[in-house]
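So you can see what is in the structure, the chains are spelled out below.
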Amino acid sequence: GAGVSQSPSNKVTEKGKDVELRCDPISGHTALYWYRQSLGQGLEFLIYFQGNSAPDKSGLPSDRFSAERTGGSVSTLTIQRTQQEDSAVYLCASSLDSGSYNEQFFGPGTRLTVL
Amino acid sequence: TQLLEQSPQFLSIQEGENLTVYCNSSSVFSSLQWYRQEPGEGPVLLVTVVTGGEVKKLKRLTFQFGDARKDSSLHITAAQTGDTGLYLCAGGSGSSNTGKLIFGQGTTLQVKP
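Residue numbers (the working numbering), protein chains in the order written: chain E, 112 to 226; chain F, 599 to 711.
Hints in this document: simulated from the structure, not taken from any laboratory. Among these hints, one or two may not hold up.
[Said to hold, decoys possible] Straight-line C-alpha distance at most 35 Å; calculated DSBU-like pairs for lysine-lysine:
| no. | chain 1 | residue 1 | chain 2 | residue 2 |
| --- | --- | --- | --- | --- |
| 1 | F | Lys668 | F | Lys655 |
| 2 | E | Lys168 | F | Lys654 |
| 3 | F | Lys710 | E | Lys122 |
| 4 | F | Lys710 | F | Lys668 |
[Said to hold, decoys possible] Away from chain E, derived, C-beta distances all over 10 Å, residues of chain F:
| no. | residue |
| --- | --- |
| 5 | Glu613 |
| 6 | Gln631 |
| 7 | Glu639 |
| 8 | Leu684 |
| 9 | Gly704 |
| 10 | Lys710 |
| 11 | Pro711 |
For each residue, glycine too, the CB sits at the ideal point set by N, CA and C.
Required output: the full structure, derived from the provided sequences and hints.
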């Protein structure tokens, strides 16, 4: 009964480089979410996937951000041409189904530092 | 745009004291969740409230959803050092049952021994 896992746990990169962050949701969870959190702050919604439906990308801050979910399971968040303002903790969560009453289970996050 | 404002942002108290954290919005939410997050970890759900006026208790924690479903509060009785962490409220979208949550900016609680 593994929880949500994310990799890497920490990523340091140089401005302008591309990065990929990975999320392995809980097996059987059909909904997957990506959030961004600045130090000690709340979570900023980025994107969510529900089954085979088109993802809700309304929270992506720019076209440098993209995400995909392969086979309804693993998801990758890609940030191209990273900027210093992209530095944050990126959190992934999954839930059994979409629906505002469903508990979201979060991974430990990936701390991204852009130098 | 739906926003949730939490207050206070920071709270430092002595063990044994009581405290209340507030979560307010001008928007109606279909549900309101409270999460607790410790450093280096993801948030963990504490409770979900869905009915206006609903009160839920979890040991020393009492959660209330406002009658109009626009606000919520978290009250901790006799705080312990283990209650230290970041408390986040999150509202479920009122317009569609998508599971997308709107988070408040969080309340950092420090309970000193």
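Mind listing which of the numbered hints don't hold for this structure, in increasing order? Going through the list in order, the structure violates hints 6, 7, 8, 9 and respects the others.
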